[in-house]
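Residue numbers (the numbering used here), protein chains in the order written: chain A, 1 to 785; chain B, 1001 to 1158.
I should point out that these hints are in silico values taken from the structure, not numbers from a laboratory.
With the C-beta cut set under 7 Å, the calculated list includes, among others, these residues of chain A facing chain B:
1. 11
2. 58
3. 87
4. 192
5. 196
6. 284
Glycine residues also receive a C-beta, built at the ideal position from the N, C-alpha and C atoms.
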Amino acid sequence: MPAPIRLRELIRTIRTARTQAEEREMIQKECAAIRSSFREEDNTYRCRNVAKLLYMHMLGYPAHFGQLECLKLIASQKFTDKRIGYLGAMLLLDERQDVHLLMTNCIKNDLNHSTQYVQGLALCTLGCMGSSEMCRDLAGEVEKLLKTSNSYLRKKAALCAVHVIRKVPELMEMFLPATKNLLSEKNHGVLHTSVVLLTEMCERSPDMLLHFRKLVPQLVRILKNLIMSGYSPEHDVSGISDPFLQVRILRLLRILGRSDDDSSEAMNDILAQVATNTETSKNVGNAILYETVLTIMDIKSESGLRVLAINILGRFLLNNDKNIRYVALTSLLKTVQTDHNAVQRHRSTIVDCLKDLDVSIKRRAMELSFALVNGNNIRGMMKELLYFLDSCDPEFKADCASGVFLAAEKYAPSKRWHIDTIMRVLTTAGSYVRDDSVPNLIQLITNSVEMHAYTVQRLYKALLDDISQQPLVQVSSWCIGEYGDLLVSGQCEEEEPIQVTEDEVLDVLEGLLVSNLSTPVTRGYSLTAIMKLSTRFSSVNRIKKVVSIYGSSIDVELQQRAVEYNALFKKYDHMRSALLERMPIMEKTASNGPTEIVQTNGETEPSVPDTKLPPLITQPANQANDLLDLLGGNDVVPVIQTTLPTKPASAGGELLDLLGDLSLSAIPPMTAYNKNGLKIEFTFERANPNPNIAVITIHATNTTEADMTEFVFQAAVPKTFQLQLLSPSSNIVPALNQGSVTQVIRVLNPQKQQLRMRVKLTYTHKGSPVQDLAEVNNFPPQSWQ
Amino acid sequence: MMHFLLLFSRQGKLRLQKWFTPVPEREKKKIVRDMTTMVLGRKPRSCNFLHWKDLKIVYKKYASLYFCCGLDAEENELLALEVLHRYVELLDKYFGNVCELDIIFNFEKAYFILDEFLLGGEVQETSKQVLSRSIEASDMLQEAEIDNSDYDLELGWP
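All chains should be modelled from the sequences, with the hints used to inform the complete structure.
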C-alpha cells in the first residue's frame, strides 16, 4: 500500500481542478483512499489523513467518518497527532455529535499532562466547545489550573472557566476562591483573561457583583499604570499600551459602577483622565474612548463627565473615519433618552449624516433623527426628513415613512401642516408606505373636520398626476367618496379652489377601476367611493350603470360589492341615503406605543364651526319633533339614539383607554333622576385622547315591585354641544333593583360650557304607559371643565 | 464574546472557519453563505460594521482576503477591528509577508495561531512576542518528534 499523498500535495492537486465536477471526482477518490486507510487502523498516516479530511471539509464536503479518527489522534502520545486531533475535534466534534463525550477522558488526561503545550491544547478545546456534561466533569481540573503559577496555563484556564460558567452557571461558585489574587498578576495575558472572567461572573450574579465591587480601586490602579507607564514594546499598539486590557477593564468598571454611587465616584478621575489623554489619531485610541464613553454614560457619573462624554461623541461625528461616525451615532441613539438635551446640541451634525454615502450610517442617522424630533424642532426636522425620504434607497423608505407619520401625529403644529406632510409622504414614497397606514390616515383625515375640502382637493390633484402608488390611491378614493360634494362645489378655504365637474370625478374613479396598476383592494375602494357619490352627486344614472357592470366582475369581492350596491339602488333605495351618509368622527386609537399627548405648539387652529359637524343617522323625524315641541326651547338640538360603528379594536387601544382614564382623577357620579321608583344615575369617564368628549354611562334602576318594560331614554343638549346615544343594554328595568339598564352617552363639548341636559323617559309600568320629562343641571364641574 | 470568525476570498471561497458556539452543520453553511453575500456586496468605502440578526458583524479586507467576525451586541466594534488586525499581524510574523496562498496551504497552522490568540471567543494573550514564542515552542516540539522518530519516512508531515 503506497503512502497516502501528503496534505500539501493534495491541496495542490485539488486546486488544479477546472470544474466543480472535476474537483468532486478528485475528492471522492481521495476520500475512498482515506476511508480504507482508516479501516486498516493505520497509525502512521492517520494524522496526515485527518489533516487532508479537514481540508476537504472546509471545501464543503462531508467528513463525519473522520470523527472517531480524531478521537484516536487525541489519545495518541505524539504531540503532532494531538495537535491535529484536537483541531479536528473542534471542527467536527461539536456537542451535537454522539461521540463528543468520548473526548472527556482524553481531555482529562491531557489537562494533567507534563507538557504545558498539551495541557494548552486540552484547555483550548474544552474552552471552545465543551458540552455542559463535559464541563461538569472537568470543572475541577480547570479550577486547579486556575491556581497554577504557570501564566501560560493560567490565562487559558481563566477563559476555560468562563466557558464552563456560560455552559453551567451553577458551577460559578467553585471558581470564586481561585479569583482571589488574579488581579495581582503582572502577566498581561493572565490579567486580561482574569478581567474577562470577573466580568462574566459579575454579569451573571448580583452577589458576585457585590463581592467584586471592592476590586474597583485595584482596577483603577492597573488602568492608571497602563496609561502612565512609558513605552512597553511588548504591549504597544500605535503608542497605546495594551488597548485590549484597557478596554476590558473599562467594561468591568462599567458593570461595577452601575447603580452604585461610591464605585462610580472612585472611578470618576481615571475616566476623565482616559477621556482627555487618549490619543485619537488612530482607531485604537478611539476604541478606548468609545468604551470610556459607554462606561461614563452607564454609571452614576457627575454631569460634567457626562457632558464630556457626549462631546466626545459629537467630535466622533465629525471624524473622517466612517466607522467612528457609525459608532458615535449608535451610542447617541442609546443615550438620547436619558441625556436628550445634550444630544440635541448635536442635532445639526446628526441631520447632516443623513446625506452620508454609507448605508449603515444613514440608517443610524435616520433612527437618531426621529428620536430627536420634538415640538420645537418639528418643522425643521421634518423638512430634512422629507428630503431624505425623497432621495433615500428603497430599503429605507418604509421605515422613514412610518417614522414621519408617527412624528407628525405626535408633534404636528397645525392640522394643515399635518395633512400637507401626509400628502408629501404619499406622493413621494407612496408605494412604500405600510398597509396599516391607510386606515390610520383615513381616520386622521376624518377627524380634521375643517380640512376636508382642502384634503380632498389636494388628493384629487395628486390622483390626476399619478395612480400607481396604491396607498395614495386608496386614501384618495376614500376621501373623494366621502367628500366629493365639497370637491365639486369648490368650497376650499385653504387654497384656490379648483373647478371640477361631477363627470370628471367619476372619470377618475372609473379610471382606477379599469387600470392595470390598481390592486384588487384599490378597486374595492374606488367602487365603494363611486357608490357613496350617488348620494352626493346628481349623476346617479351613471353611477348605477357602473355598479351594475361590476355585478358580473371576476373578482369575487368586487362582484359582491357591486351586487349589494345594486340591491341598494333597487329594493332598498329608501335606505340608501341613510347608509351612505358621512362617516362620524372615529374614536382615535393609537396604533402602538404609549399614549402621547398631542403637542400643539401654540399655533392657533381654525376654530371648528358647528355647522360643519357631520349629521347623524336620522330615524323617523316625529320623535325628534315631539321633544322639541315639549321642551319648547329653541336652543336645544334633538338627538336620537344611534349605534356607533364599532371602533377599530386593538389591544393596545383598549389599554390606552384604561390608562387614560386612570390618569385623571375620578369624576364623582351623580343622580340625574329619581321619581316614582325609577332612579337614573350618571357615571363619568373622560374619553381619551380627546378631552372634549365626556362619556356618561346611565344606570337605570327600579325599586318598585313591577318591571318597567319598553324603557326608552332620550336626551337633548344645548346647541353648542353634540350628543350621541349608544344602544341600551336592554329595554326592561327589572323590579326591586334586581338589575339595571345601562346606556352610554357621549357628549362633545368643545367650548367647555356648563353641561345641561333635558331627558325624556318613557316606559310601561303595570300595564300603563308612563312618560316623564326632566332637566338635569347638577353635573359635577369636572365633567365639563 | 465572538461567535464566529471566517476568512474568505473575493470569490467567496472559505479559507478558515472558527465557531465558538455549537451550531448545526447546515446552519454553519447558511451563515457562511449569508456573511459572504453581505460582505462581498458592500460598496468599497462603506464602514466595516453590519447588523445581522442580533449580532454585530465586523469585517475587514486584507489584500484578497476578507476577515469577518460575528460579535455579541455589547462588544466594542472598534476594538474588534484591532483584534482582526492583531491576528493578521501574527500571521504575517509567522509566515513572513503572509498572503492568501500561505493560508490555503498551511491552514492548520493558521488555526494553531488563532487558537493561541483566541479561546472561547475571547482574547487570551495581548502580547505579540509571548504568542509567537508559544507557537515556536509548539512547532519545535513537533519537529523534535519527527526527528526522534524510528521511522524513516515522514510521519505524515507536511
